[in-house]
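Here the structure of chain L is known, so what remains is to put chain X in place on it, guided by the hints.
Protein chains in written order, with UniProt numbering: chain L, 1 to 572; chain X, 1 to 572.
Just to be clear, a hint being listed does not mean it is correct.
Note that the list lumps identical chains together, so a pair holds whenever it fits in one copy or between two copies.
To be verified - Result set (BS3-like, lysine-lysine): computed pairs, CA atoms no more than 25 Å apart in a straight line: (1) K523 x K27; (2) K530 x K500; (3) K309 x K523; (4) K410 x K523.
Everything labelled a hint here was simulated from the structure, so no lab data went into it. As the structure is a computational prediction, the values presented were derived from the model and not from experiment.
There are 2 protein chains.
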Amino acid sequence: MVHTGSCGDRLHDILVGYLPILTWMPKYKKSDLLYDAVSGITVALTLMPQSIAYASLAGLDPLFGLYAACFGSVMYIIFGSVRQITIGPASVVAFLTFNYVNPALPTTAVILCFVSGIVELICGLFRLGFVVEFVSMPVTGGFTSAAAIIMASSQLRGLFGISYDAKNCMEMWIKFVEHIEHFRLADTAMGLLCIFVLIGLKSLKSIKVNAKGIKAKSYSVILFLLTTGSNVLVVIVSSIIAYFSIRQGQSPLVLTGTIASGIPQFRLPFLDYEDEDEKFTFFEGLSRLWPGAIVVPLVSILSTVSVAKAFSGGKVIDASQEMIALGFCNIFSSFMGSMPVAGSMTRSALNHTTGVRTTFSSIFTTILGMLSLLFLTPLLYYIPKSSLSAVLICAVTSMFRYDMMISLWKTNRRDLIPFTTAFVSCLIFDVEMGLLFGICVDLLCVLYRSARPSISIEKETNSGYVKWVVRPSSGLLFPAVDFMRQRIIAEMSSSERPNKPNLIIVDCVHFDKTDFTAAQGIKSLINELKSESCQLELMNAKECVAAILEATLNVKILSMVPLQDSIKKFNF
Amino acid sequence: MVHTGSCGDRLHDILVGYLPILTWMPKYKKSDLLYDAVSGITVALTLMPQSIAYASLAGLDPLFGLYAACFGSVMYIIFGSVRQITIGPASVVAFLTFNYVNPALPTTAVILCFVSGIVELICGLFRLGFVVEFVSMPVTGGFTSAAAIIMASSQLRGLFGISYDAKNCMEMWIKFVEHIEHFRLADTAMGLLCIFVLIGLKSLKSIKVNAKGIKAKSYSVILFLLTTGSNVLVVIVSSIIAYFSIRQGQSPLVLTGTIASGIPQFRLPFLDYEDEDEKFTFFEGLSRLWPGAIVVPLVSILSTVSVAKAFSGGKVIDASQEMIALGFCNIFSSFMGSMPVAGSMTRSALNHTTGVRTTFSSIFTTILGMLSLLFLTPLLYYIPKSSLSAVLICAVTSMFRYDMMISLWKTNRRDLIPFTTAFVSCLIFDVEMGLLFGICVDLLCVLYRSARPSISIEKETNSGYVKWVVRPSSGLLFPAVDFMRQRIIAEMSSSERPNKPNLIIVDCVHFDKTDFTAAQGIKSLINELKSESCQLELMNAKECVAAILEATLNVKILSMVPLQDSIKKFNF
Numbered sequence: 001m002v003h004t005g006s007c008g009d010r011l012h013d014i015l016v017g018y019l020p021i022l023t024w025m026p027k028y029k030k031s032d033l034l035y036d037a038v039s040g041i042t043v044a045l046t047l048m049p050q051s052i053a054y055a056s057l058a059g060l061d062p063l064f065g066l067y068a069a070c071f072g073s074v075m076y077i078i079f080g081s082v083r084q085i086t087i088g089p090a091s092v093v094a095f096l097t098f099n100y101v102n103p104a105l106p107t108t109a110v111i112l113c114f115v116s117g118i119v120e121l122i123c124g125l126f127r128l129g130f131v132v133e134f135v136s137m138p139v140t141g142g143f144t145s146a147a148a149i150i151m152a153s154s155q156l157r158g159l160f161g162i163s164y165d166a167k168n169c170m171e172m173w174i175k176f177v178e179h180i181e182h183f184r185l186a187d188t189a190m191g192l193l194c195i196f197v198l199i200g201l202k203s204l205k206s207i208k209v210n211a212k213g214i215k216a217k218s219y220s221v222i223l224f225l226l227t228t229g230s231n232v233l234v235v236i237v238s239s240i241i242a243y244f245s246i247r248q249g250q251s252p253l254v255l256t257g258t259i260a261s262g263i264p265q266f267r268l269p270f271l272d273y274e275d276e277d278e279k280f281t282f283f284e285g286l287s288r289l290w291p292g293a294i295v296v297p298l299v300s301i302l303s304t305v306s307v308a309k310a311f312s313g314g315k316v317i318d319a320s321q322e323m324i325a326l327g328f329c330n331i332f333s334s335f336m337g338s339m340p341v342a343g344s345m346t347r348s349a350l351n352h353t354t355g356v357r358t359t360f361s362s363i364f365t366t367i368l369g370m371l372s373l374l375f376l377t378p379l380l381y382y383i384p385k386s387s388l389s390a391v392l393i394c395a396v397t398s399m400f401r402y403d404m405m406i407s408l409w410k411t412n413r414r415d416l417i418p419f420t421t422a423f424v425s426c427l428i429f430d431v432e433m434g435l436l437f438g439i440c441v442d443l444l445c446v447l448y449r450s451a452r453p454s455i456s457i458e459k460e461t462n463s464g465y466v467k468w469v470v471r472p473s474s475g476l477l478f479p480a481v482d483f484m485r486q487r488i489i490a491e492m493s494s495s496e497r498p499n500k501p502n503l504i505i506v507d508c509v510h511f512d513k514t515d516f517t518a519a520q521g522i523k524s525l526i527n528e529l530k531s532e533s534c535q536l537e538l539m540n541a542k543e544c545v546a547a548i549l550e551a552t553l554n555v556k557i558l559s560m561v562p563l564q565d566s567i568k569k570f571n572f
Numbered sequence: 001m002v003h004t005g006s007c008g009d010r011l012h013d014i015l016v017g018y019l020p021i022l023t024w025m026p027k028y029k030k031s032d033l034l035y036d037a038v039s040g041i042t043v044a045l046t047l048m049p050q051s052i053a054y055a056s057l058a059g060l061d062p063l064f065g066l067y068a069a070c071f072g073s074v075m076y077i078i079f080g081s082v083r084q085i086t087i088g089p090a091s092v093v094a095f096l097t098f099n100y101v102n103p104a105l106p107t108t109a110v111i112l113c114f115v116s117g118i119v120e121l122i123c124g125l126f127r128l129g130f131v132v133e134f135v136s137m138p139v140t141g142g143f144t145s146a147a148a149i150i151m152a153s154s155q156l157r158g159l160f161g162i163s164y165d166a167k168n169c170m171e172m173w174i175k176f177v178e179h180i181e182h183f184r185l186a187d188t189a190m191g192l193l194c195i196f197v198l199i200g201l202k203s204l205k206s207i208k209v210n211a212k213g214i215k216a217k218s219y220s221v222i223l224f225l226l227t228t229g230s231n232v233l234v235v236i237v238s239s240i241i242a243y244f245s246i247r248q249g250q251s252p253l254v255l256t257g258t259i260a261s262g263i264p265q266f267r268l269p270f271l272d273y274e275d276e277d278e279k280f281t282f283f284e285g286l287s288r289l290w291p292g293a294i295v296v297p298l299v300s301i302l303s304t305v306s307v308a309k310a311f312s313g314g315k316v317i318d319a320s321q322e323m324i325a326l327g328f329c330n331i332f333s334s335f336m337g338s339m340p341v342a343g344s345m346t347r348s349a350l351n352h353t354t355g356v357r358t359t360f361s362s363i364f365t366t367i368l369g370m371l372s373l374l375f376l377t378p379l380l381y382y383i384p385k386s387s388l389s390a391v392l393i394c395a396v397t398s399m400f401r402y403d404m405m406i407s408l409w410k411t412n413r414r415d416l417i418p419f420t421t422a423f424v425s426c427l428i429f430d431v432e433m434g435l436l437f438g439i440c441v442d443l444l445c446v447l448y449r450s451a452r453p454s455i456s457i458e459k460e461t462n463s464g465y466v467k468w469v470v471r472p473s474s475g476l477l478f479p480a481v482d483f484m485r486q487r488i489i490a491e492m493s494s495s496e497r498p499n500k501p502n503l504i505i506v507d508c509v510h511f512d513k514t515d516f517t518a519a520q521g522i523k524s525l526i527n528e529l530k531s532e533s534c535q536l537e538l539m540n541a542k543e544c545v546a547a548i549l550e551a552t553l554n555v556k557i558l559s560m561v562p563l564q565d566s567i568k569k570f571n572f
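Same shape as in the complex, but just chain L:
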């Protein structure tokens, strides 16, 4: 039975691995459709105002964001494996897009989207999912906290209705202080009001309904709609206010302005481009984005995979498959002229709350998005920029990880090093430099820890024969072996003659692997000990370690760890 059709089975497994749609599509039921529709539509309500806000965060026309919201998730239906995830415009990715895309050449954002997709797809096909594991939570925490501060700072000008150019955080605040005297009263009032309303609506979440029966249900539905629809509500109400004030001949508010309506044309992203002033080819555009084509996909992958992990619910996440899905999402939406997309934590959480059943729910988001593109764009003209800034500021505050700071302080202060490194260097330099720097410092910490095992030396004297047992607390790859060697020699030279050891036994029980430099280090230790007429032996070596050590040295391996046959052993 095991052998029957094993080849077909394997092919099926591989297919299902690459196309998760095959797992849920055959079992899809009508009741699933209902849940998916509710989730998809709810997400769309949050997504539409967010997408316009994120496009403005990226310094782009709102259409880039709307297209991203419409088409970002389509491919995830086929390739995505976590049902809660919705792909679309995301705050950090939008912010990075702003860093790399020249506002004079907005269509380079489409190139960035396409190239990010290609990079993600390649990383996924080469199974580079494991790379994500090398970015620790303190580093991502520090990075997103800094990004939250920078993004909120970038919205100050929108909130106060003033305008200036600034790229980094320090500059934003300096320019803000310089220009604050030109603030526009109406915009400021509208912006601050929106923030208060948003905070108020979000705090409704914590209200507990006391009533019973249908009343209770309808109360909680209303509360849910008010909290999840808070962005839409704020944007709609502020737009109505703007509309009527214009009707009355006043125009005190800075508005979003005209947006072209209609569904975008399908267009190959590697053809030539033509922006207002300039014509350029795909590769010319790409060359202006250069480091962004690495940083944007990396950050997109990081955020998408961490969202996927948060909602996997006891399933193993195949990070490489998520990369492939994200790659296809970006590639497809670049054909529709969108900015880069990624998974969003808040919208996925919304999907989770509304009980989404499959990734198919995205189709409803797309349909709703296309309908608004067809019929609602004239209305978008009236959205005040200050209310969009308010939406954005409220959206990014949850990204500031003060909770992580507190728990790091309480439980593991050493991990504050990578957190602070990432956080501070993101604020001082660029975010990509900060991320890179944080990752490097973090990995150096890991290396340093593996290079500095704690070493215990047990001393036994038996009728004048001195034996030392040396126990390193972890494996002995090359950075650690010299450390052990120096410890032993230092310990020996501090011992007087009668206590000098005749035999030193190194306990290899914690040695998982070894390498050439480590073996050479032990070799020179043996020679050095010989000159002090002391012998060295190894015990408890695993087979793979013993093989390398015996091939390099002429040492007696005292005892080997027995291969436990009863244990199911994985060797990767």
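Relative to the frame of chain L, chain X by itself:
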């Protein structure tokens, strides 16, 4: 007794640590002086022709090399801790100098020397000696092997008497093939002859003397002089040939040319400079050398420390002290107008063979060097360039580590990855890029290994209650915890209901340290297991690990590794 003068003792220990001269100077005997003199003079015999050759390798006037040979070692007498080491011009450092110093501005080599010294001194004072441990032997092996090939290739034009400009290895060979038709017969003949003679003289080493008594002793002295003095011999004989051919009105050979004689003036290296065509300040010169000011000290430190380790003979090498010594050597010799200096393996080996007693032997090298600067420089005019090239080619062949390649292939093929990476990328790109790339790949390998422990799962069933014991083979820092989590979940989802575990125990005996991300990973594992109604417990946790895990999670830590009081425990 322990307390008496402990403060004075400690001061003395610190002083001796920084000034190793204090350990040998008080005990210095007349017999030591004899041995030191013999060693110093022998080294000088090899050093003088090498220094001219290395200066030409660096694209500089021979004087830069001669000054380096004279004054490079002076400070090592005071600050150096390994008696065998002689500091002076070294092949790889000379080659790097060629990469960074513009031939039109040769005095920038002095700036490079000074700045390298400062960088080395600072690294030493900040006790950064441990950094050296992160460069494994395969990486240095690959780097020096590639450097040997590049240096030998760079000498082809000298050997064949042709001239062209080429910076990288590929270009050297292409230009060589293009220009080979212009080869000069006399130079080629002289160069190849010198190579044959050098190989012949070096092979005398393996001859065993059959005679007895004084005859045997004199034979072996002659053999020793012929092998160690082979460079000098070849250079002198070829110069004499060149001298007489010029006396006869012929000038078939390309010669070294005029060298200014006399001892250099002591000159502050941070004053303004004036080269043939151009005036420039210290900082202008420095800005033209920029990456060299990092790469040259790094490589100098690496080679000096590895030489020191090779000859330490059972003593712990304080890499930071070696950095300080090397720093002072470079700073002092930059005052005398030298090119950058470092420790040399061949000359240190020579010192070792001649039985050097203290670092004081360098003083004889310096005296002999100064004498030749005063009286012999007119003779240096006649040294044929092709014979210098021959000396260099023979000197660098020993740097090609085919022995390491073979032993890596035999014992530890995985370590061929860093070796090959360093080797190939040095040949394709620059040597500094190759070194950097090799180190990075190597450290990534270490990280990857620590991220992928082997995990054994032991399954026990006791009257329907299924218990699994999970044993990771090494510590669980953040890159590894997700790996373990995925293994457990994958193993669970492949088990059918009756075999699904009710309890999973993770054996933490190999956990040396842990961090925030790892603790969070275990936390989410616990939650995932809860949804499958399975409990997780930890056992054999060390105190430091247990503290962090207990603070983050609400897990029962089953058992702790007892603190063995009888064991002398080092916690670094």
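Against the structure, the hints:
In the homo-oligomer, the alpha carbons of K523 and K27 never lie at most 25 Å apart, since the shortest distance is 63 Å inside one protomer and 32 Å across protomers. For the homomeric pair K530 and K500, the shortest alpha-carbon distance inside one copy (13 Å) is at most 25 Å, but the shortest distance between copies (54 Å) is not. Taking identical chains as interchangeable, the C-alpha atoms of K309 and K523 lie at most 25 Å apart only when they sit on different chains, with a minimum of 13 Å there against 45 Å within one chain. Only between protomers do K410 and K523 lie at most 25 Å apart by alpha-carbon distance; the minimum there is 16 Å, versus 43 Å within a single protomer.
Checked against the numbered hints above, the structure violates only hint 1.
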